[in-house]
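Enquirer: In case you want the letters, here they are:
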Amino acid sequence: QKEVEQDPGPLSVPEGAIVSLNCTYSNSAFQYFMWYRQYSRKGPELLMYTYSSGNKEDGRFTAQVDKSSKYISLFIRDSQPSDSATYLCAARSGGSYIPTFGRGTSLIVHP
Amino acid sequence: DAGVIQSPRHEVTEMGQEVTLRCKPISGHDYLFWYRQTMMRGLELLIYFNNNVPIDDSGMPEDRFSAKMPNASFSTLKIQPSEPRDSAVYFCASSPGQGTSTDTQYFGPGTRLTVL
Chain A
39 QKEVEQDPGP
49 LSVPEGAIVS
59 LNCTYSNSAF
69 QYFMWYRQYS
79 RKGPELLMYT
89 YSSGNKEDGR
99 FTAQVDKSSK
109 YISLFIRDSQ
119 PSDSATYLCA
129 ARSGGSYIPT
139 FGRGTSLIVH
149 P
Chain B
6 DAGVIQSPRH
16 EVTEMGQEVT
26 LRCKPISGHD
36 YLFWYRQTMM
46 RGLELLIYFN
56 NNVPIDDSGM
66 PEDRFSAKMP
76 NASFSTLKIQ
86 PSEPRDSAVY
96 FCASSPGQGT
106 STDTQYFGPG
116 TRLTVL
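If you read the protein sequences in the order shown, they are chains A and B.
If you want my numbering, it's the 1-based position in the first sequence plus 38.
If you want my numbering, it's the 1-based position in the second sequence plus 5.
With the rest of the complex left out, here is chain B (with noise of 0.2 angstroms):
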């Protein structure tokens, strides 16, 4: 298996443009989320799907982010309009979830957003 899958794998943007990172999960596997890691602030969940619905989108932070999971195997996140505050590293990780927990989550390598 490739793993999770990430694209792209770096993006650098003007304020105000639009950005979509794209993510495909392992095959199977039920879960999906949606990190960023920033120097900061650390590993903070955006949001995360289960079976493609969204369960949970607190960590969204503002409407500016949304997020979606039109099949089990593509999931995008976007940000519109994007901010230079929105400079990170965004991961996706996936999980079996089934008869496990979802601690063993398998991340993608990340794509690394430069906002100028």
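If we strip away everything but chain A, and leave its shape as in the complex, we get (with noise of 0.2 angstroms):
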């Protein structure tokens, strides 16, 4: 069993739909959390970055971390085509630089 879990999807939405994206992790040494982006045929980047528990906004994109239960959530508001793409999530503890990354998660935003 992976340290991160993602269901590989693909998850469909239509255009402007809420969309949510989860993690698992089972390592409770991780406190450090990431989302990244990967768009067909291209590199991961970074999308968001937390620390800890609680929630962080930026623009369309919510992330938001429960540690009591070992859960990671992506939210992205008003979908849009160009939000479909593979989003990974990533974790790591305190004590390394290295994160753990999940499969990855296929969104496919439709018009």
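These are computed hints drawn from the structure, not numbers from a lab.
Quantities reported herein were computed from a predicted structural model and do not represent experimental measurements.
Please note: incorrect hints may appear among the correct ones.
Partial selection, computed: residues in chain A whose CB lies under 8 angstroms from chain B [as the list claims (entries may be wrong)]:
no., residue
1, Gly-81
2, Pro-82
3, Glu-83
4, Leu-84
5, Leu-85
6, Arg-98
7, Ile-136
8, Phe-139
9, Gly-140
10, Arg-141
11, Gly-142
Anything over 12 angstroms on all C-beta distances counts as not near chain B; from chain A, calculated [claimed, not checked]:
no., residue
12, Lys-40
13, Gly-54
14, Ile-56
15, Asn-65
16, Ala-67
17, Gln-76
18, Gly-97
19, Ser-106
20, Ser-111
21, Asp-116
For every residue, glycine included, the Cβ atom is placed at its ideal position computed from N, Cα and C.
Hints are included, so try docking the two chains, each in its own frame, into the full complex.
Expert: Laid out in structure tokens, this is it:
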């Protein structure tokens, strides 16, 4: 079992929908959490970065971490076709600078 | 800045052949990472360097894989001999590291390797 688990999808939603992407993790030492976005045939790019529990908002994106349940979420408001990509969550402990990635969830936003 | 540069973008080779993948990190970045991505296993860290020194190569699958970073602007990942199960997309990433975490990794476009 991977330390960071994601449903691979695909998740298909209509334009304008609110999207919820989720990950679970098993390592209690994880303190830093990230979401990367990967377009087809491109490398991943960092989208959101959070420390410990709580919410962080950036435009249409909100990252949420619940350490008590080891649950990581990314919400996308007013989703656009340009949001169609694979979203990878990642986490790391305070003692390591190397994140552990989930397999990614494929999101399709159709017009 | 041109970002992380990888070459070749695509590589098709036959089993048993040597494969060399190349990476030029972003200038000034202290950390360089090599990843492999497959549908089954997702993104896996193979090895990473700090200031040209290999720090952790525990992700390198076996002795057929080797990586070098002779200077701050160039790294190679070599597979010799290659096998069909090595088929994957290989990403190089770099990170500034200084005074920050290495969470902000900047990925290259990847090399899609197919071993027949």
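Enquirer: Looking back at the numbered hints, which does the structure fail to meet, lowest number first?
Expert: 5, 6, 12, 17
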